[in-house]
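Chemist: Residue-level listing of the chains:
There are 2 protein chains.
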Amino acid sequence: MPKKITMAVVAEMAGVTKSTVSRYFNGGYVKKATREKIQKVIEEYNYAPNTFARLKAKESNVIGVVVPTLNSKVTSRVITSIDRYLRDRNYTTLIKNSDHDIDLELLNIQKLIHLNVDGILISSIAITEDHHDIFEQTQIPIVILAQDYEDGISIIDDDYNAGKCVGEYIGRTGHKKVGYIGVYETDEAVGVRRRQGVLDGLASFGIYDPLIKKSDYSFLGGQKNTREILEEMKPDAIVCATDRLAFGAYKVLQEKGLRIPEDISVVGFGGYDESSLLTPELTTLKFDSYGMGYLGAETILKMIKEEPISKKQIVEYEFIEGKSVKNRT
Amino acid sequence: MPKKITMAVVAEMAGVTKSTVSRYFNGGYVKKATREKIQKVIEEYNYAPNTFARLKAKESNVIGVVVPTLNSKVTSRVITSIDRYLRDRNYTTLIKNSDHDIDLELLNIQKLIHLNVDGILISSIAITEDHHDIFEQTQIPIVILAQDYEDGISIIDDDYNAGKCVGEYIGRTGHKKVGYIGVYETDEAVGVRRRQGVLDGLASFGIYDPLIKKSDYSFLGGQKNTREILEEMKPDAIVCATDRLAFGAYKVLQEKGLRIPEDISVVGFGGYDESSLLTPELTTLKFDSYGMGYLGAETILKMIKEEPISKKQIVEYEFIEGKSVKNRT
DNA sequence: CTGAAAGCGCTTACAG
DNA sequence: CTGAAAGCGCTTACAG
Numbered sequence: 001m002p003k004k005i006t007m008a009v010v011a012e013m014a015g016v017t018k019s020t021v022s023r024y025f026n027g028g029y030v031k032k033a034t035r036e037k038i039q040k041v042i043e044e045y046n047y048a049p050n051t052f053a054r055l056k057a058k059e060s061n062v063i064g065v066v067v068p069t070l071n072s073k074v075t076s077r078v079i080t081s082i083d084r085y086l087r088d089r090n091y092t093t094l095i096k097n098s099d100h101d102i103d104l105e106l107l108n109i110q111k112l113i114h115l116n117v118d119g120i121l122i123s124s125i126a127i128t129e130d131h132h133d134i135f136e137q138t139q140i141p142i143v144i145l146a147q148d149y150e151d152g153i154s155i156i157d158d159d160y161n162a163g164k165c166v167g168e169y170i171g172r173t174g175h176k177k178v179g180y181i182g183v184y185e186t187d188e189a190v191g192v193r194r195r196q197g198v199l200d201g202l203a204s205f206g207i208y209d210p211l212i213k214k215s216d217y218s219f220l221g222g223q224k225n226t227r228e229i230l231e232e233m234k235p236d237a238i239v240c241a242t243d244r245l246a247f248g249a250y251k252v253l254q255e256k257g258l259r260i261p262e263d264i265s266v267v268g269f270g271g272y273d274e275s276s277l278l279t280p281e282l283t284t285l286k287f288d289s290y291g292m293g294y295l296g297a298e299t300i301l302k303m304i305k306e307e308p309i310s311k312k313q314i315v316e317y318e319f320i321e322g323k324s325v326k327n328r329t
Numbered sequence: 001m002p003k004k005i006t007m008a009v010v011a012e013m014a015g016v017t018k019s020t021v022s023r024y025f026n027g028g029y030v031k032k033a034t035r036e037k038i039q040k041v042i043e044e045y046n047y048a049p050n051t052f053a054r055l056k057a058k059e060s061n062v063i064g065v066v067v068p069t070l071n072s073k074v075t076s077r078v079i080t081s082i083d084r085y086l087r088d089r090n091y092t093t094l095i096k097n098s099d100h101d102i103d104l105e106l107l108n109i110q111k112l113i114h115l116n117v118d119g120i121l122i123s124s125i126a127i128t129e130d131h132h133d134i135f136e137q138t139q140i141p142i143v144i145l146a147q148d149y150e151d152g153i154s155i156i157d158d159d160y161n162a163g164k165c166v167g168e169y170i171g172r173t174g175h176k177k178v179g180y181i182g183v184y185e186t187d188e189a190v191g192v193r194r195r196q197g198v199l200d201g202l203a204s205f206g207i208y209d210p211l212i213k214k215s216d217y218s219f220l221g222g223q224k225n226t227r228e229i230l231e232e233m234k235p236d237a238i239v240c241a242t243d244r245l246a247f248g249a250y251k252v253l254q255e256k257g258l259r260i261p262e263d264i265s266v267v268g269f270g271g272y273d274e275s276s277l278l279t280p281e282l283t284t285l286k287f288d289s290y291g292m293g294y295l296g297a298e299t300i301l302k303m304i305k306e307e308p309i310s311k312k313q314i315v316e317y318e319f320i321e322g323k324s325v326k327n328r329t
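Chains as they are written, first to last, in full-length UniProt numbering: chain S, 1 to 329; chain X, 1 to 329.
These aren't lab readings, by the way, just hints derived from the structure by calculation.
From the three backbone atoms N, C-alpha and C, an ideal C-beta is built for every residue, glycine too.
The reader is advised that the hints may include incorrect statements.
Claimed, not checked - Facing chain S, from chain X, some residues (calculated, C-beta under 7 Å):
#  : residue
1  : I42
2  : E44
3  : L55
4  : L70
5  : I79
6  : T80
7  : I95
8  : Q110
9  : K111
10 : D130
11 : L277
12 : T279
13 : P280
Given the sequences, and given the hints that come with them, work out the whole structure.
Modeler: Shown next as structure tokens:
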């Protein structure tokens with residue numbers, strides 16, 4: 001059996017030159033009769049051109065995607081969405097995982113640049129000086145996902161307004177004594193902007209003194225902070241910066257025999273699938289990760305075609321009303 | 001700023017030929033003094049060779065990975081593990097997502113073959129005739145993950161024994177009337193072997209007539225099947241072929257006011273992180289996805305180096321006792 | 001230990 | 001509408 005066929009072989013079998021076969025694949029002029037001959041050979045031999053041998057092409061039709069982990073629901077959604085968008089438009093998606101290692105992330109970006117990809121999408125945990133340097137040295141279009149990047153193009157979640165939405169909701173439903181479990185400020189988006197939104201939302205309903213805790217992103221962190229809150233106050237609501245933290249709150253409250261939402265309301269951010277599995281269903285706010293991937297892919301292709309784009313795009317969020325917040329008015 | 005540097009340019013700046021620079025990267029003979037000159041230029045310009053321009057190399061150092069979805073916890077774990085293993089050994093991982101589309105999966109495999117990758121890891125939901133045809137036509141080493149493939153190399157979960165373990169557990173804890181929510185038989189591993197294990201395990205405790213349902217892999221499917229089971233019988237236990245299906249069962253049972261495990265025990269397969277968040281915690285069985293990725297990557301590299309390998313490797317599982325099964329003895 | 005030359009599988013002006 | 005030729009960024013025998 002033919003182990004692997006090249007364009008030259010296909011050309012020969014079809015009785016043309018590889019120039020013509022190349023044109024066949026790249027939308028150049030090929031007479032209908034010729035086209036059909038080529039097509040027949042391609043089908044018979046299951047030929048597909050080597051995307052990466054297009055060394056001389058101006059466009060590689062490859063888009064690189066750099067992600068901090070492969071092991072997150074949000075990242076999975078974003079990549080799936082990017083991949084679908086690009087695949088439908090005849091682009092190859094090249095995924096590079098940085099495994100939460102900032103040096104590896106930089107290296108991945110470098111490699112993609114040297115690979116001559118047409119564009120790079122970066123979902124980063126933090127933008128450093130080194131990132132800046134690299135971005136300045138390259139002409140390749142780059143889009144930053146989920147982090148606000150003032151010196152370039154970015155797609156971000158609307159953390160402030162999402163926070164405000166939740167803060168107002170808790171205020172409007174008549175809560176008075178609120179605990180907040182947030183994350184550290186190194187995460188600009190969640191640690192700073194989302195928290196500020198929540199605080200402003202609460203304040204607009206006269207709640208000026210929520211008890212604020214900070215945690216990492218873990219289930220255990222949520223548990224620990226919930227215990228601390230319960231020791232220091234008697235809250236009627238706990239707002240958690242992520243659903244995972246809220247899972248921790250559930251665990252502790254249920255262990256202590258406190259009822260959700262009768263005794264204490266709980267709310268999160270994330271809209272993870274599993275949030276609706278909890279009892280009671282978690283009230284949460286879902287960011288549109290599929291939308292972020294879609295917009296990111298769309299934007300990078302627009303940049304490549306030199307079409308006009310926005311510097312910053314803000315992705316929708318959706319409030320998901322579960323059964324974990326009681327109306328106390 | 002230099003937009004992009006090639007090996008020829010690096011060579012010139014270092015005062016050598018690209019032959020030498022190539023050797024520098026591929027471990028050929030380079031005098032120490034020369035090596036240092038090259039290294040200096042590389043660092044200064046942040047040069048990295050274009051992995052995909054190695055058209056003439058016998059080895060591409062690229063391994064392709066085909067997955068049915070990017071959007072699953074299990075897949076995420078497997079890819080993360082593969083990627084780490086290969087990265088550490090100087091291989092590039094090329095991930096192709098088939099998005100649950102069997103034609104796309106076949107196309108992805110074809111493309112990887114034409115890309116001249118050194119090996120392909122395939123995590124498939126089903127091995128078809130077309131797969132066979134492709135595998136036979138290529139010399140490229142291929143490892144099948146999670147499906148038993150008699151005509152080639154595979155790494156599989158121990159679905160039969162895992163199923164048996166759960167079936168016996170349900171029998172041993174004194175259950176009598178069991179519902180089983182499985183998946184379709186096109187998925188050999190889960191749809192056939194896992195189910196058979198469960199049935200045999202149950203049978204060894206005298207339970208010969210469980211009510212068997214089939215579903216896709218979805219949360220909704222789990223709900224639908226649970227409703228059907230409840231209409232047709234009054235079970236004291238429901239065994240679900242995946243945790244996600246078990247989540248669906250939880251949902252329906254809780255809606256109907258049936259208590260887990262007092263009224264009905266529930267058990268799943270998967271060991272998803274979120275299973276421990278449920279109330280009560282789900283009793284489940286966890287397969288070693290990281291181990292599967294590791295072994296898959298290790299095996300494909302061994303095949304490339306023509307070292308001896310096993311035809312079939314079976315990955316560990318771990319029984320995780322939650323609180324969703326009642327001892328009725 | 002290093003260079004000159006041919007070639008990998010493809011694309012692209014340029015003729016015709 | 002198609003072919004001949006040069007070239008993309010790299011690797012690899014083969015000399016020296």
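Chemist: Now look at each hint and say whether the structure bears it out.
Modeler: Do the hints match the structure? See the list:
Annotation: X/I42 was flagged as interfacial toward chain S, and the flag is violated, the nearest CB pair being 11 Å apart, outside 7 Å. The closest approach between the C-beta of X/E44 and any C-beta of chain S is roughly 12 Å, which is over the 7 Å cut-off, so the hint fails. Proximity of X/L55 to chain S holds as hinted, the smallest CB-CB distance being about 6 Å (cut-off 7 Å). A distance limit of 7 Å between C-beta atoms decides the matter here; for X/L70 the minimum to chain S is near 5 Å, and the interface restraint holds.
Taken as an interface hint, X/I79 checks out: its beta carbon lies about 5 Å from the nearest beta carbon of chain S, inside 7 Å. The closest approach between the C-beta of X/T80 and any C-beta of chain S is roughly 5 Å, which is under the 7 Å cut-off, so the hint is satisfied. For X/I95, the shortest C-beta to C-beta distance to chain S is roughly 5 Å, which falls under 7 Å, so the interface hint holds. Because the closest C-beta pair between X/Q110 and chain S is about 5 Å apart, less than 7 Å, the hint holds.
Checking X/K111 against chain S: minimum C-beta separation of about 5 Å stays under 7 Å; hint holds. Hint status for X/D130 relative to chain S: violated, with the closest Cβ pair at about 10 Å, above 7 Å. Among the interface hints, the one on X/L277 holds; its C-beta lies about 5 Å from the nearest C-beta in chain S, closer than the 7 Å criterion. The beta carbon of X/T279 comes within 5 Å of a beta carbon in chain S, closer than 7 Å, and the hint placing it at the interface holds.
Taking 7 Å as the C-beta contact cut-off toward chain S, the hint placing X/P280 at the interface is violated, the least distance being around 10 Å.
Checked against the numbered hints above, the structure violates hints 1, 2, 10, 13; every other hint is satisfied.
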